Amino acid sequence: TQLLEQSPQFLSIQEGENLTVYCNSSSVFSSLQWYRQEPGEGPVLLVTVVTGGEVKKLKRLTFQFGDARKDSSLHITAAQPGDTGLYLCAGRTTSGTYKYIFGTGTRLKVLA
Amino acid sequence: DTGVSQNPRHKITKRGQNVTFRCDPISEHNRLYWYRQTLGQGPEFLTYFQNEAQLEKSRLLSDRFSAERPKGSFSTLEIQRTEQGDSAMYLCASSLASGTANYGYTFGSGTRLTVV
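Just so you know, the sequences run in chain order D and P.
With the numbering used here applied, the first sequence covers 1 to 112.
With the numbering used here applied, the second sequence covers 1001 to 1116.
Check before you lean on any hint, since a few could be wrong.
[What the hints assert, rightly or not] Partial chain P-side listing against chain D, Cβ under 10 Å, derived:
| # | residue |
| --- | --- |
| 1 | Ile-1012 |
| 2 | Tyr-1035 |
| 3 | Tyr-1048 |
| 4 | Gln-1054 |
[As the list claims (entries may be wrong)] Label-pair restraints from in silico Cβ distances:
| # | chain 1 | residue 1 | chain 2 | residue 2 | range |
| --- | --- | --- | --- | --- | --- |
| 5 | D | Ala-112 | P | Glu-1068 | 45 to 55 Å |
| 6 | P | Gly-1085 | D | Thr-104 | 11 to 21 Å |
| 7 | D | Leu-58 | P | Asn-1018 | 11 to 21 Å |
| 8 | P | Gln-1050 | D | Glu-41 | 17 to 27 Å |
| 9 | P | Ala-1053 | D | Ile-13 | 38 to 48 Å |
| 10 | D | Glu-38 | P | Glu-1052 | 47 to 57 Å |
| 11 | D | Pro-39 | P | Glu-1083 | 21 to 31 Å |
If you are wondering where the hints come from, they were derived from the structure by calculation, not from laboratory data.
If you're wondering where the values come from, they're calculated on a predicted model, not measured in any experiment.
Cβ atoms here follow ideal geometry from the backbone N, Cα and C, with glycine treated the same way.
Generate the whole structure from the sequences, applying the supplied hints.
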């Protein structure tokens, strides 16, 4: 059972466009993280959100955690070719475990 | 510190052979995780350690898989009698654990296993 579903699966946009990636679940998470992964490398942490409704900004990236802590979104403003990669959300459930479960991923390609 | 180091980067093996991968975490990190990732998918949890104790193991993990973390430093992941379905990228990550605080993972570059 996949706990975290991401949409869209694939996204190809022109440089300068805005985009939003979604991460949804029926489970409640104590915290949620977003990572970006490039081919042949491990994922790199972008942000951690822990409070329902929390919004965090990282330059042109805006992350939001849903009020019920079941979903999250990543918005990129004025995308650049360097934003190309696989974006992964990962949630830690409230069951007491310390592991994060990863989503299905969104593969983003930004064309110059 | 150079981050999380995984060796080898690539491994090609014949079906039925045993393979072992090594992960050296960031030295001050006490939690170490193993994930498996197939092409186009997100990483799938395999197991994790806090210091030398293996605290959780995925129910999806066959008994052909075993992991150790002697002395709470580096870790090894062994796959016995490899099958073609074991072909994947094996990722190791480490994190600093302090109570229930949510510290992010630092991943290594992975070991890509191809079983022929």
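Enumerated hints in conflict with the structure, sorted upward
1, 4, 7 and 10
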